[in-house]
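Enquirer: Take a look at the letters that make up each chain.
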Amino acid sequence: MAAKPPEIPNIAEIMAKVKSGAIFGEIAKMITESQVWTSSFRHGYADTPRNRVLQIASNVWLHLHPVKMHRHALRIKFTWCMGGITFLLFLSTVVTGVILMFYYRPVGEYAYFDMKYLQYDVPFGMLMRNMHRWAAHAMVITVWLHMFRVFLTGSYKPPREFNWVIGVFLVTFTLLLSFTGYLLPWDQLAMWAVTVGTNMARATPFLGHEGPFQEFVFGVSPRYDARSVLIGGSIVGPPALLRFYVLHCIFIPLVAGALMIVHFWRIRKDGGISGPL
Amino acid sequence: MAEAPAPRKKLEENVEKVHVWPYLVRIEFLCAIITILLLTVWSITIDAPLEEAANPTKTPNPSKAPWYFLGLQDILVYFDPWFAGVVAPVLIIVGLILIPYLDVNPKGNGYYTYVERKFAIWVYSFGFLVLWIFLIIMGVFLRGPGWNLFMPWQFWDPHKVVALVSVDLPYAFGIRSYDMANLFGAVVVLGYFVVGTAVYMFMERKAIKNVGITRMLLKINLVLIMIGIVVKIVLRLAFNIKYIWVTPWFNV
Ligand code: HEM
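So the protein lines, in turn, are chains P and U. Counted the way the numbering used here counts, the first sequence spans residues 1 to 277. Counted the way the numbering used here counts, the second sequence spans residues 1001 to 1252.
Where hints are given, some of them may not hold.
Unchecked claim - Covered stretches of chain P, going by a simulated chain U footprint (3 or more residues, C-beta under 8 Å): (1) 24-34; (2) 193-202; (3) 231-240; (4) 255-267.
What the hints assert, rightly or not - Here are the computed distance ranges between Cβ atoms for each label pair: (5) P:F251 to U:V1189: 37 to 43 Å; (6) U:M1138 to P:F206: 28 to 34 Å; (7) P:L145 to U:I1044: 22 to 28 Å; (8) U:D1047 to P:F216: 31 to 37 Å; (9) U:Y1112 to P:V262: 25 to 31 Å; (10) P:G108 to U:G1146: 26 to 32 Å; (11) U:Y1023 to P:L91: 45 to 51 Å; (12) P:E109 to U:N1105: 55 to 61 Å; (13) U:G1146 to P:P123: 42 to 48 Å.
Calculated from the structure, these hints are not laboratory results. The model shown is predicted, which means the values in this text are computed figures rather than measured ones. Glycine residues also receive a C-beta, built at the ideal position from the N, C-alpha and C atoms.
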């Protein structure tokens, strides 16, 4: 039996498709129906109510949002967008911070010169450092403004008391993040600002060697007290640098990140952004 | 013509829900672009500071904490470090955490209003804008060498001589004996809290049943501490009073 002759693509037909533009639709269809595509994207993009819901609900990055919200909560006049901007600035410091970590060693002998190297020799090093520092400063300001607006709108009232409490921890950790980072450039500004800040711990009641009632606690001395635990010694030296580095790059960001997730989750569970009810 | 605001009841019926995608996500996206743009411009135009290498033998004058802690550093002028550096920050954190549990006014939940919660707005705004922000601005711009006050047009003279003429409160009242001074200070400080609490509880006695006695005691004493900080600042600046109560362990 004679084999069927292979199908010859009809050039004229294809050319007609190209001319009319129909070919694009077909290529798009071929791609979006392929196994690679359907395994990556779980729903269509067409603006249907169903897709609007899926867009949020089936996306790990967006799903901390509710699917629907009150219209009043969209107003920038109400939220000042400050919570969101705080979070964005936090993310910016994470990204730029990781890049800085490639070039920075938290060791007394190296830290300062790594900063110089970063500024003068690393491509875009200065820009990364600037963005990291200014985003951190800006974050301190925006988190205060966020807190102020939450207070002014009475959004800490039931059922949102707990989220306010998480918020207080978040603002504390934001300040601690900024403060621990302040030491890392290992210049005069850094060392003395942190010296002034941590000197306060000497005066901790009971636990600081210059604090009230320390004489009643056994073993409190300049070398072993609340302050020396913070800075790993009796002056702000290399051990303090290492300690602050670990706190700054690992411990505090992890805790703050976890609290942020809880914070966002609770906004949803408490019925969305507060509003006049 | 301006539209009359809808009565509360009306608003309640009007709760209209919209899809987060696209209505919220697009606002977030726009905010993110603008923020990142501003941050980039800021970072291109202004460099982060890097001074000379850290040197433990060379103390700068003035030595300042990071700017966001300068409010606390400033009250070191008026209080000893155990209060300004340790107790005050702890009280701020604890006080903030307690806010939702102390403010039981059901009004003003979820909208801007001044008239329905004047006291709460006053306390928070005073604490935030005056005791926190204003002191920071002062700390950054007006505190020079020796933590002395300099006006913006004045030269930061590290040798500025400031007469230390402050005395303790009992001394100002003519009390010279150590024990009497100690007693006097205790009476004034504790009296301030006891009388303040008593007056408040008496004036608000009708509220005790609804609000609860623990809440009211906590609330008034936190407020009294905040007012006390202001009182001490004024006593020092206007009357040169250093301590009110001097004990062998701590001074207030
Ligand atoms: C790292 C710090 C923080 C981040 C990233 C953050 C983020 C957010 C975001 C994105 C929202 C949604 C509404 C909005 O943007 O205003 C929100 C709401 C809220 N935040 Fe924060 N926040 C932070 C710190 C705080 C602090 C310090 C407080 C208060 C002490 C706080 C209390 C609240 C409350 C009570 C809500 C609900 C507001 C409402 O329902 O109207 N948050 N937060």
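Enquirer: Against each hint, give a clear statement of whether it holds in the structure.
Expert: Structure-based check of each hint:
1. 24-34: violated (count 0)
2. 193-202: With 8 residues closer than 8 Å to chain U, the region 193-202 of chain P meets the three-residue bar; holds.
3. 231-240: holds (count 3)
4. 255-267: Coverage by chain U is violated here, the residue count being 0 at a Cβ distance below 8 Å.
5. P:F251 to U:V1189: 37 to 43 Å: holds, 39 Å
6. U:M1138 to P:F206: 28 to 34 Å: holds, 32 Å
7. P:L145 to U:I1044: 22 to 28 Å: With Cβ atoms ~24 Å apart, the hint holds.
8. U:D1047 to P:F216: 31 to 37 Å: violated, 50 Å
9. U:Y1112 to P:V262: 25 to 31 Å: At roughly 27 Å between Cβ atoms, V262 (chain P) and Y1112 (chain U) fall inside 25 to 31 Å, so the hint holds.
10. P:G108 to U:G1146: 26 to 32 Å: holds, 30 Å
11. U:Y1023 to P:L91: 45 to 51 Å: violated, 22 Å
12. P:E109 to U:N1105: 55 to 61 Å: holds, 58 Å
13. U:G1146 to P:P123: 42 to 48 Å: holds, 43 Å
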